[in-house]
Structure formats: structure tokens, C-alpha cells
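J.: One letter stands for each residue in the lines below.
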Amino acid sequence: EDQVTQSPEALRLQEGESSSLNCSYTVSGLRGLFWYRQDPGKGPEFLFTLYSAGEEKEKERLKATLTKKESFLHITAPKPEDSATYLCAVQAGGTSYDKVIFGPGTSLSVIP
Amino acid sequence: NAGVTQTPKFRILKIGQSMTLQCTQDMNHNYMYWYRQDPGMGLKLIYYSVGAGITDKGEVPNGYNVSRSTTEDFPLRLELAAPSQTSVYFCASSTGTSPFRGQFFGPGTRLTVL
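These protein sequence lines map, in sequence, to chains A and B.
For the first sequence, the residue numbers in the working numbering are 1 to 112.
For the second sequence, the residue numbers in the working numbering are 1001 to 1114.
The hints are simulated quantities; they were obtained by calculation from the structure and are not laboratory data.
Calculated pairs, EDC-like style, for lysine to aspartate or glutamate (alpha carbon to alpha carbon, straight line, at most 16 Å): (1) K59(A) <-> E45(A); (2) K1044(B) <-> D2(A); (3) K57(A) <-> E70(A); (4) K1014(B) <-> E1079(B); (5) K59(A) <-> E81(A); (6) K79(A) <-> E60(A); (7) K42(A) <-> D1038(B); (8) K99(A) <-> D1056(B); (9) K42(A) <-> D82(A); (10) K68(A) <-> E55(A); (11) K99(A) <-> E1059(B); (12) K79(A) <-> E15(A).
One-sided excerpt, in silico: chain B residues whose CB lies under 8 Å from chain A: (13) G1040; (14) G1042; (15) F1090; (16) R1101; (17) G1102; (18) F1104.
We put the beta carbon where it would ideally sit given N, CA and C, even for glycine.
Please model the entire structure based on the sequences and the hints provided.
T.: Given below as C-alpha cells:
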């Protein structure tokens, strides 16, 4: 069964304290892996797409990496404005509709 | 561009009532989606559409219906509301599935069924 899990469920960091969020997946025929940011009361906002193992993408203090079984979202020297829930999703191919499966998210709090 | 807009933002329904959640996008995207998000769970796909006049079921379609008469609009209809439909509903759109450049989400509709 296609599945996406994320850890930890919640993470609390001091401002400037770097860390990583994990997304593990089991899908048949991975077409792509996506990271989204979701602020309270808002819809998810697209951050990155990763297509193949070894690929990396960066945006400000965020860097996403991909292996054959998991992805990491590295946050370097976070600021309070980075506080949000980070969602991981994978696109599984091989069907008439390329299915996108979302993980439950990691809630990040950055304390000043 | 307004992106993806949804109305209403909040709604309380009584069991057995019906309602339509509205979704409009102005990015000329062919693909549109409806998801529900429950606490601690990932977004679950309800219905999707690959273009005007074409819709298909997602993972959790029971109790819902959709139509797609134009590229811009993708309303979600709830018939005979039940407490299990209490959730936050998100509409999204994208250019397509390959290559997938991510989905654009609306702000959501928070629905409570009592």
C-alpha cells in the first residue's frame, strides 16, 4: 500500500537552531516528491518538487533532499517566521491518474 | 491573479442539510482537486477533474458530488450532511500531472456538521 509518513509530529526549535524534518515513503513508481508549507488557517503553499534520488533544492533557509526511501527538509538557522506545518507529498505513477499522497505533516515552532 | 478562491470560509450545517462549496481559479489550470483535511491526518482527495466536463473519484468520494462545466469553476456538493463530514475542505489546481510543478491551494472552508 502506498504510504507517506513524517517525523517528528512536532518540533520546537530555538531561533538559530538548525534541524531536519523527515518524510518516509513507500510507493510504486515514484514520479515526484513535494514539500509544502501550511500556516494556521490557510491552504498549503508549494515549496519544492524533487524527482530523483540525490536531487537537492534550496529556498532561503530551507533545503530539501531526496533518497530512494525518504526526503529531508533541512532548516538552517531558523527564524520565528519559519513556524508552520510542513507537509510532504508523493506522486505515484502507473495509474490512469497519477495519485498524490500527502503525509500528516510536521508542526514546527521556532522560539525567539 | 487571485489564484484559487473558495467560499464560504466557515459554515455550520445541521445533519441532513445540503450545501455547495464554491471553488474558482484564474490561472487557466486544467486540473482541479478537492481535498479534506482532518486533524493529524494527511490531505485526502475527494474528487478531481482533468478538464471541463471530466471528473473522477478520489480516495474518499462518498457523500459528495462535483461538476466541472468551465475551466475556472469546480464546486463540491454535500448531500445529506453527516457529522463525519466535519472537516476543513481545500480546493486546489495545477497545470497537469507530468511534470508536476505542485498544486495551488485555496484558503479552505471550515465545515461543522451538528
